[in-house]
Amino acid sequence: MPQSNCAKPELDLQELNCNEPQRLAHVTNGQELERIFQQNMRIRPMALVMGKAVEDRPLTTLLYSIAPEMLEMLLLRFGDLGSGPEEHRARFFATCLAQDTTETMFDFDLLSVNSPLTSIDSGWMMQLIDIWFSIHPFSVLISKTLLLQGIKDEVYDQALLAILLSEAMATLATHVPESNRPSLLVESVALAEWSMSQVCALAVNVLDISTAQTLLLLGWHHLHRSQARRATSYIQLAAQIINDLRSRLSTSQNTAPYRIKINGLQVIDVEHEVLHNMDSVTSSLRLWMLMQTEDGHSAAQKLADIPASFPPVDEFSSRMTVLDIASGHVSTIRAQATVARLLWPLSQLTATLGHVYILAHLYQNTTGPHDKIPSQTRHLHQLRQLAGNGLDKESLCSRIRLCLRDALHTMQEARPSSSLESIVRATYLTVMIHMLFPHGPFESWTLNEDVLGDFLTEAGSLFDTISSFTRDHPLLKAEAAGCFSTAAEIFALGLGVSVRAMQYISSRQLTGSETERDLITGSSARLAELLTQMHQTAKSEIIMQTRRIESILHELEGITLDNDIICMRRYYGIETRGQHLTGESILQLDSWNDHDLTLCSGFPLPPESWGK
1 MPQSNCAKPE LDLQELNCNE PQRLAHVTNG QELERIFQQN MRIRPMALVM GKAVEDRPLT
61 TLLYSIAPEM LEMLLLRFGD LGSGPEEHRA RFFATCLAQD TTETMFDFDL LSVNSPLTSI
121 DSGWMMQLID IWFSIHPFSV LISKTLLLQG IKDEVYDQAL LAILLSEAMA TLATHVPESN
181 RPSLLVESVA LAEWSMSQVC ALAVNVLDIS TAQTLLLLGW HHLHRSQARR ATSYIQLAAQ
241 IINDLRSRLS TSQNTAPYRI KINGLQVIDV EHEVLHNMDS VTSSLRLWML MQTEDGHSAA
301 QKLADIPASF PPVDEFSSRM TVLDIASGHV STIRAQATVA RLLWPLSQLT ATLGHVYILA
361 HLYQNTTGPH DKIPSQTRHL HQLRQLAGNG LDKESLCSRI RLCLRDALHT MQEARPSSSL
421 ESIVRATYLT VMIHMLFPHG PFESWTLNED VLGDFLTEAG SLFDTISSFT RDHPLLKAEA
481 AGCFSTAAEI FALGLGVSVR AMQYISSRQL TGSETERDLI TGSSARLAEL LTQMHQTAKS
541 EIIMQTRRIE SILHELEGIT LDNDIICMRR YYGIETRGQH LTGESILQLD SWNDHDLTLC
601 SGFPLPPESW GK
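In the working numbering, the protein residues as written are 1 to 612.
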């Protein structure tokens, strides 16, 4: 892409820091990265999400875990309802940050050396490129056709190619005999360091897509190696460049260089999609990072204003995919499609959860006019308008619920339900249920008919969504393991929130007013049906594979039946007289008949069943 010295937008909403100085031509990327690194040295992880050790995660697993971790942090941070007995576990980024002892951005000489690319023959290079597009979660950030065309025309970005090949070699080293690993790893390190030296030598005002792509890949390279502060610095600088590129492309589409076509498709359209994808990924990563740091509150205020630019819904609406197919570059198309399908729900969820997280802190925020807002982003603008309105906690939660309800309605009208939309739907329903109970189980508050009715409806919809996902997409676990694991973690979080809401409602049967007890008794049939759904969902394969199944079963066991009172052993430690049926024994039943299901409900049996 041609370079430009266009002016920077007056308000740069993509930057993490409010006091970003003007980027000057004589400043290099390396100097800017060092400045950002030193500025970020004060960032500390939240004590709430600390752990002892960092997991060694595959490249894709880390990206897939972002949305579930953000949902869990939102539920844990606000209100007692979202906190299960075993959910205060380590977060990857927070743990990396706590263990990061690096004091400088670079630990090697950035002076340029001979390119290691010269020793790689073209055949081996093409194989490594195919490996990268087959395994890397950032394959949606680079057009394979444009990359290969650039290599053919010898106009490619060598720093970008070097880090791409480095990551491919590092992955390949885990799948070859041990005798071959050292040479691959040495070459991988050499390529990565050379890529850093090349991109760091560029002036900071040199704006092109390949530089931003290189910085993002280097950020992921360091994040995967648990170097949190270096990763944050690369991703932050990439976000600044992406923001400037968006402004430039929006005003330059009609100039001659932007009308180039490859196989009938305009290059500018493909590059627009690349930028949207990069914007989504950087926003997701930075929101995920900020929610785990102590200075997340001040930085989050700017994140509320990040423009929503969602990627294509799936590979079929992706111009990158269309161009690859038209150009015959289809050897890795299936792997790329798997990543592309996940990017849309990831960007939807992280943007929405980020806004809800910020609103829960009642951050002040200003919004500009937005007359023509795409339907899929309308709820984000509605959420932004809530900030600064002086709403109390209960009113704010109610308004957030309305925004998410509208988003679900829009989603349902827009297109038939898919496996990916099931993940988004389950997340929104989980937050909606959580926001029904803003006061926590021990605060003075009266359960009313509206809250109980909404809980029954929304929890029922959640379990129907989980059930339909596992029924309608039986091959997803084999074909898209990362998507399946994301769904599993989110579904388990939703089930856990619903179980704790049921415990909360049950506690009102024991300690609430006469009106509350009558209300619960009047809804006993629907509550019994819902509790049965909880037990069935807990036994489903997708939930049983998750790390939090033990805490869910423990909480289900806490709901016990004793004649006509539901006893909350977990909250009150009350010993009951007579026989009671626990969640643990319910889950051990081999088969259930109508009478068993009534017992499973945890609610009083009808009089005609007494003594049976």
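The reader is advised that the hints may include incorrect statements.
Stated by the list, open to error - Derived Cβ-Cβ restraints for the label pairs, each shown as a range:
| id | residue 1 | residue 2 | range |
| --- | --- | --- | --- |
| 1 | Gln545 | Arg225 | 23 to 29 Å |
| 2 | Gln99 | Ser468 | 27 to 33 Å |
| 3 | Trp124 | Ile333 | 48 to 54 Å |
| 4 | Gln545 | Val189 | 56 to 62 Å |
| 5 | Asp107 | Ile333 | 53 to 59 Å |
| 6 | Asp107 | Arg471 | 48 to 54 Å |
Since the hints were made in silico from the structure, they are not lab data.
Note that the structure is a prediction, hence the values are computed from the model and not measured.
Every residue gets a Cβ at the ideal spot worked out from N, C-alpha and C, and that includes glycine.
Hint check results:
The beta-carbon spacing between Gln545 and Arg225, approximately 28 Å, falls within the hinted interval of 23 to 29 Å. The beta-carbon spacing between Gln99 and Ser468, approximately 41 Å, falls outside the hinted interval of 27 to 33 Å. Checked against the hint of 48 to 54 Å, the C-beta distance between Trp124 and Ile333 comes to roughly 22 Å, which is inconsistent with it. Checked against the given bound of 56 to 62 Å, the beta carbons of Gln545 and Val189, roughly 36 Å apart, lie outside it.
Remark: the range hint 53 to 59 Å for Asp107 to Ile333 is contradicted by a beta-carbon distance near 38 Å. Under the hint 48 to 54 Å, the C-beta atoms of Asp107 and Arg471, about 52 Å apart, fit the expected range.
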